[in-house]
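A.B. asks: Letter by letter, the chains look like this.
There are 2 protein chains.
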Amino acid sequence: MSILSKQASHVGAALDLQPVLDAVDAVLGAQPRPVELHEPRFGERERQFVLDCIDTNWVSSAGQYVTRFEQMVAEATGARHAVAIVNGTAALHAALLLEGVQPNDEVLLPAITFVATANAVSHAGAIPHFVDSTWDSLGLDPMALDEHLAAIAVHRNGGWINKETGRRLRAVVPVHIFGHPVDMAALGTVAAKYDLVVVEDATESLGSILNGQSCGTFGHSAVLSFNGNKIVTTGGGGMILTSDDDHARRARHVTSTAKKSHAWAFDHDEVAYNYRLPNINAALGCAQMERLPAMVAAKRELAERYLQAFSQFPGARVYREPKGAQSNYWLNTLVLDRECAGERDRLLSALHGHGVKARPLWTPMHMLPMYRDCPRSPLDVAEDMYRRCINLPSSPFLAAGGKENANKI
Amino acid sequence: MSILSKQASHVGAALDLQPVLDAVDAVLGAQPRPVELHEPRFGERERQFVLDCIDTNWVSSAGQYVTRFEQMVAEATGARHAVAIVNGTAALHAALLLEGVQPNDEVLLPAITFVATANAVSHAGAIPHFVDSTWDSLGLDPMALDEHLAAIAVHRNGGWINKETGRRLRAVVPVHIFGHPVDMAALGTVAAKYDLVVVEDATESLGSILNGQSCGTFGHSAVLSFNGNKIVTTGGGGMILTSDDDHARRARHVTSTAKKSHAWAFDHDEVAYNYRLPNINAALGCAQMERLPAMVAAKRELAERYLQAFSQFPGARVYREPKGAQSNYWLNTLVLDRECAGERDRLLSALHGHGVKARPLWTPMHMLPMYRDCPRSPLDVAEDMYRRCINLPSSPFLAAGGKENANKI
Numbered sequence: 007m008s009i010l011s012k013q014a015s016h017v018g019a020a021l022d023l024q025p026v027l028d029a030v031d032a033v034l035g036a037q038p039r040p041v042e043l044h045e046p047r048f049g050e051r052e053r054q055f056v057l058d059c060i061d062t063n064w065v066s067s068a069g070q071y072v073t074r075f076e077q078m079v080a081e082a083t084g085a086r087h088a089v090a091i092v093n094g095t096a097a098l099h100a101a102l103l104l105e106g107v108q109p110n111d112e113v114l115l116p117a118i119t120f121v122a123t124a125n126a127v128s129h130a131g132a133i134p135h136f137v138d139s140t141w142d143s144l145g146l147d148p149m150a151l152d153e154h155l156a157a158i159a160v161h162r163n164g165g166w167i168n169k170e171t172g173r174r175l176r177a178v179v180p181v182h183i184f185g186h187p188v189d190m191a192a193l194g195t196v197a198a199k200y201d202l203v204v205v206e207d208a209t210e211s212l213g214s215i216l217n218g219q220s221c222g223t224f225g226h227s228a229v230l231s232f233n234g235n236k237i238v239t240t241g242g243g244g245m246i247l248t249s250d251d252d253h254a255r256r257a258r259h260v261t262s263t264a265k266k267s268h269a270w271a272f273d274h275d276e277v278a279y280n281y282r283l284p285n286i287n288a289a290l291g292c293a294q295m296e297r298l299p300a301m302v303a304a305k306r307e308l309a310e311r312y313l314q315a316f317s318q319f320p321g322a323r324v325y326r327e328p329k330g331a332q333s334n335y336w337l338n339t340l341v342l343d344r345e346c347a348g349e350r351d352r353l354l355s356a357l358h359g360h361g362v363k364a365r366p367l368w369t370p371m372h373m374l375p376m377y378r379d380c381p382r383s384p385l386d387v388a389e390d391m392y393r394r395c396i397n398l399p400s401s402p403f404l405a406a407g408g409k410e411n412a413n414k415i
Numbered sequence: 007m008s009i010l011s012k013q014a015s016h017v018g019a020a021l022d023l024q025p026v027l028d029a030v031d032a033v034l035g036a037q038p039r040p041v042e043l044h045e046p047r048f049g050e051r052e053r054q055f056v057l058d059c060i061d062t063n064w065v066s067s068a069g070q071y072v073t074r075f076e077q078m079v080a081e082a083t084g085a086r087h088a089v090a091i092v093n094g095t096a097a098l099h100a101a102l103l104l105e106g107v108q109p110n111d112e113v114l115l116p117a118i119t120f121v122a123t124a125n126a127v128s129h130a131g132a133i134p135h136f137v138d139s140t141w142d143s144l145g146l147d148p149m150a151l152d153e154h155l156a157a158i159a160v161h162r163n164g165g166w167i168n169k170e171t172g173r174r175l176r177a178v179v180p181v182h183i184f185g186h187p188v189d190m191a192a193l194g195t196v197a198a199k200y201d202l203v204v205v206e207d208a209t210e211s212l213g214s215i216l217n218g219q220s221c222g223t224f225g226h227s228a229v230l231s232f233n234g235n236k237i238v239t240t241g242g243g244g245m246i247l248t249s250d251d252d253h254a255r256r257a258r259h260v261t262s263t264a265k266k267s268h269a270w271a272f273d274h275d276e277v278a279y280n281y282r283l284p285n286i287n288a289a290l291g292c293a294q295m296e297r298l299p300a301m302v303a304a305k306r307e308l309a310e311r312y313l314q315a316f317s318q319f320p321g322a323r324v325y326r327e328p329k330g331a332q333s334n335y336w337l338n339t340l341v342l343d344r345e346c347a348g349e350r351d352r353l354l355s356a357l358h359g360h361g362v363k364a365r366p367l368w369t370p371m372h373m374l375p376m377y378r379d380c381p382r383s384p385l386d387v388a389e390d391m392y393r394r395c396i397n398l399p400s401s402p403f404l405a406a407g408g409k410e411n412a413n414k415i
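Respectively, the protein sequence lines represent chains A and B.
For the first sequence, counting from 1, position 121 maps to 127 in my numbering; every step adds exactly one.
For the second sequence, counting from 1, position 219 maps to 225 in my numbering; every step adds exactly one.
It should be emphasised that the hints constitute simulated quantities derived from the structure, not laboratory data.
All values reported here derive from a predicted model rather than from experimental measurement.
The beta-carbon is built from N, C-alpha and C at its ideal position, and this holds for glycine as well.
One or more hints might be untrue.
Said to hold, decoys possible - The calculated SDA-like cross-link candidates involving lysine to any residue, where the alpha carbons are at most 25 Å apart (straight line), are:
{"hint": "1", "chain 1": "B", "residue 1": "Lys169", "chain 2": "B", "residue 2": "Glu153"}
{"hint": "2", "chain 1": "A", "residue 1": "Lys363", "chain 2": "A", "residue 2": "Asp390"}
{"hint": "3", "chain 1": "B", "residue 1": "Lys363", "chain 2": "A", "residue 2": "Asn63"}
{"hint": "4", "chain 1": "A", "residue 1": "Lys363", "chain 2": "A", "residue 2": "Arg352"}
{"hint": "5", "chain 1": "A", "residue 1": "Lys329", "chain 2": "A", "residue 2": "Leu298"}
{"hint": "6", "chain 1": "B", "residue 1": "Lys266", "chain 2": "A", "residue 2": "Leu354"}
{"hint": "7", "chain 1": "B", "residue 1": "Lys363", "chain 2": "B", "residue 2": "Asp22"}
{"hint": "8", "chain 1": "B", "residue 1": "Lys363", "chain 2": "A", "residue 2": "Ala271"}
{"hint": "9", "chain 1": "A", "residue 1": "Lys266", "chain 2": "B", "residue 2": "His360"}
{"hint": "10", "chain 1": "A", "residue 1": "Lys363", "chain 2": "B", "residue 2": "His259"}
{"hint": "11", "chain 1": "A", "residue 1": "Lys363", "chain 2": "A", "residue 2": "Ser317"}
{"hint": "12", "chain 1": "B", "residue 1": "Lys265", "chain 2": "A", "residue 2": "Met376"}
{"hint": "13", "chain 1": "B", "residue 1": "Lys265", "chain 2": "A", "residue 2": "Leu298"}
{"hint": "14", "chain 1": "B", "residue 1": "Lys265", "chain 2": "A", "residue 2": "Pro381"}
{"hint": "15", "chain 1": "A", "residue 1": "Lys363", "chain 2": "B", "residue 2": "His360"}
Claimed, not checked - Simulated restraints, written as ranges between beta carbons of each label pair:
{"hint": "16", "chain 1": "A", "residue 1": "Ala271", "chain 2": "B", "residue 2": "Val160", "range": "32 to 40 Å"}
{"hint": "17", "chain 1": "A", "residue 1": "Val160", "chain 2": "B", "residue 2": "Ser249", "range": "39 to 47 Å"}
{"hint": "18", "chain 1": "A", "residue 1": "Gly164", "chain 2": "B", "residue 2": "Pro38", "range": "54 to 62 Å"}
{"hint": "19", "chain 1": "B", "residue 1": "Glu42", "chain 2": "A", "residue 2": "Met373", "range": "46 to 54 Å"}
{"hint": "20", "chain 1": "B", "residue 1": "Gly361", "chain 2": "A", "residue 2": "Gln77", "range": "24 to 32 Å"}
{"hint": "21", "chain 1": "B", "residue 1": "Gln219", "chain 2": "A", "residue 2": "Pro38", "range": "35 to 43 Å"}
{"hint": "22", "chain 1": "A", "residue 1": "Arg86", "chain 2": "B", "residue 2": "Glu310", "range": "48 to 56 Å"}
{"hint": "23", "chain 1": "A", "residue 1": "Ala191", "chain 2": "B", "residue 2": "Arg39", "range": "56 to 64 Å"}
Stated by the list, open to error - If you only want the chain B side, here are some residues facing chain A, beta carbon under 7 Å, derived:
{"hint": "24", "residue": "Phe48"}
{"hint": "25", "residue": "Val92"}
{"hint": "26", "residue": "Val121"}
{"hint": "27", "residue": "Ala269"}
{"hint": "28", "residue": "His274"}
{"hint": "29", "residue": "Asp275"}
{"hint": "30", "residue": "Ile286"}
{"hint": "31", "residue": "Arg350"}
{"hint": "32", "residue": "Arg352"}
{"hint": "33", "residue": "Leu354"}
{"hint": "34", "residue": "His358"}
{"hint": "35", "residue": "Thr369"}
One chain only, chain A, in its complex shape (with noise of 0.2 Å):
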């Protein structure tokens, strides 16, 4: 509320563009243009354990840097289970389903967030229910959640249902949005309260720290993505997360066919999915999260910078991580004052017309025609963030100020 209260003192005029541009270009300093939104960098590490897996022939699922990728993940965040999966969304899907999605259950999640958490869960035959976000965490409010349910929610046959559409309400995924921590305890307290299972979509947030614990381990269980603009690459990768063995188990049982182990039978036991991970892009994963600690620590330099660049700054600032919360700053997010709001899009013309590809937050979930009709809250907060928020780039080696060190970062 703080950002609000003191953007209600600026009385607005159209944005005056050029000092954006100038500000956005002290950040970016030499670097050559265009300036994409995030884009990764390899190393010699990169080149020796791809070539590994090469020169040995092993490329594909149930390699050794599928084992070490995943070890390393786990250590990194304290999970104590971490499975390789071939995407994001392909995570979330295995994640909802093991977690007991029922194909016509609603999942709640908020109306901000890449199309993959919705996809997700229409891909395990659920309804996406669709939930106001916080200017405290740009993700999912647990507050607006918990105000919602005891509007919709009664319990009725052991379960909480939505009395407007007589759907089961499963599960609650909740998205660090740009690496910022939602306030998971704020919602693990409203999810108890309505028997929701709890999905961290953990997607952006690897690195993310909250109260001294990892983003993706405060969930029932969580989902990492590995996409070419993350934070983390493998080309495109993915990761389940959790805490219960029985789970875990399960979750490699069913994203590799369900095979059951025998030296040459094949049985399998329910219909599945073919969703590892190949060898070949855990080799590239495991180089990377090697110098994770190093891209954290650039990105948040990063942000540093972007935050100091934009303060006192007529019109905008540049949103910072919530208190208690150490963000990886996924994507860096410029936020117009409101009365500047209807500015967004002469600004991004702009800073794509100067070589810095920004970009607007995602169109809000209902106001996708596919997801037009699906049950939601009401949804100002994440209306008045769209209009309001743009993605500066991010790339870590962009701290230096154009000045890369690959082997650095």
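For this one, chain A is given, so just place chain B on it according to the hints.
C.D. replies: Then chain B, alone, in the frame of chain A:
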């Protein structure tokens, strides 16, 4: 039928195992044990292309190797369009959706196939309907399909319905088992008679040819696999082939989150998937595709050596490609005489003990618990095949009798 009539003359005692091991040894030569069923070999081009991805920091989807890989596969098969997909299961799932398969439709497929074929049908919300196989190709029997449909299909409300279940019969998925082409002309005739869409499962048959035409170009659409055990591998990967421009455009759209093209906005217009192949995997595929003709030649040479080793053999013979076909012989198949069927597991045990990673056919789909209650035709031939067939190690580099030459094959 020729195999069966020959075998009728052999009235069997137990199969003598040592001569089988000796015949396999004669083919495998000095190859170090254990000999896996199918393994890739990589060379300088794989190293070069993969390092190029790393050095240009481009490992994710929409990279230049993805486009190049698609072009190479299209050229090699004669398909008009090739769309790279994260794996074969995902490719078949997407292809079925694109061909209009709806939840609760029935899709006909052989009971003898890898479980992924049936799983992809299930992922589309449809019901697998199993059909018998023929010794002519090891694949789906067009004549059995025709007889079965004559018994169960009725034309009602503009479509063909399974009168026993009341469900719509929508598509048929012929699988070119172990690279041996199904009789696509006969199958096409039956499919046309019952308005069935033909989605060709060519996951095992890249490089196989039937009457001068490549597998993967007969159906309304087709899918390939580049799993680690396939003739060309990308670690994990798949491809949709189609001659239809609109279908290809739709395939790209729904496998990449249905995002509408825009410089910055994130708008999506349908529930969709994250199914595209990462660039680093496609890079491997490009290198492998350069050697496809050499690999097919090597695999055909290996098949010829197995055929020779088991010609005039008491109790078993090696399966020869169908008439009119040039098979890629993905997996060589030892067919036990009917009288020796009971010896299958004893032989598998002996082969494994001898360092030869042979395996039986996949357990037929109707014998798996999750597909036990699916509709089906009589499956006598499928069950007979399952009892009598064993796959033998078939990696292309085995053609040289253990003298590997990665640069050649």
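A.B. asks: Each hint should be assessed against the structure and marked as holding or not.
C.D. replies: Hint check:
no.: 1; hint: Lys169(B) <-> Glu153(B); result: holds (15 Å)
no.: 2; hint: Lys363(A) <-> Asp390(A); result: holds (22 Å)
no.: 3; hint: Lys363(B) <-> Asn63(A); result: holds (17 Å)
no.: 4; hint: Lys363(A) <-> Arg352(A); result: holds (14 Å)
no.: 5; hint: Lys329(A) <-> Leu298(A); result: holds (22 Å)
no.: 6; hint: Lys266(B) <-> Leu354(A); result: holds (17 Å)
no.: 7; hint: Lys363(B) <-> Asp22(B); result: holds (19 Å)
no.: 8; hint: Lys363(B) <-> Ala271(A); result: holds (11 Å)
no.: 9; hint: Lys266(A) <-> His360(B); result: holds (23 Å)
no.: 10; hint: Lys363(A) <-> His259(B); result: holds (22 Å)
no.: 11; hint: Lys363(A) <-> Ser317(A); result: holds (22 Å)
no.: 12; hint: Lys265(B) <-> Met376(A); result: holds (12 Å)
no.: 13; hint: Lys265(B) <-> Leu298(A); result: violated (30 Å)
no.: 14; hint: Lys265(B) <-> Pro381(A); result: holds (23 Å)
no.: 15; hint: Lys363(A) <-> His360(B); result: violated (60 Å)
no.: 16; hint: Ala271(A) <-> Val160(B): 32 to 40 Å; result: holds (39 Å)
no.: 17; hint: Val160(A) <-> Ser249(B): 39 to 47 Å; result: violated (54 Å)
no.: 18; hint: Gly164(A) <-> Pro38(B): 54 to 62 Å; result: holds (60 Å)
no.: 19; hint: Glu42(B) <-> Met373(A): 46 to 54 Å; result: holds (52 Å)
no.: 20; hint: Gly361(B) <-> Gln77(A): 24 to 32 Å; result: holds (31 Å)
no.: 21; hint: Gln219(B) <-> Pro38(A): 35 to 43 Å; result: violated (49 Å)
no.: 22; hint: Arg86(A) <-> Glu310(B): 48 to 56 Å; result: holds (53 Å)
no.: 23; hint: Ala191(A) <-> Arg39(B): 56 to 64 Å; result: holds (57 Å)
no.: 24; hint: Phe48; result: holds (5 Å)
no.: 25; hint: Val92; result: holds (6 Å)
no.: 26; hint: Val121; result: holds (5 Å)
no.: 27; hint: Ala269; result: holds (6 Å)
no.: 28; hint: His274; result: holds (5 Å)
no.: 29; hint: Asp275; result: holds (6 Å)
no.: 30; hint: Ile286; result: holds (4 Å)
no.: 31; hint: Arg350; result: violated (10 Å)
no.: 32; hint: Arg352; result: violated (12 Å)
no.: 33; hint: Leu354; result: holds (5 Å)
no.: 34; hint: His358; result: holds (6 Å)
no.: 35; hint: Thr369; result: holds (5 Å)
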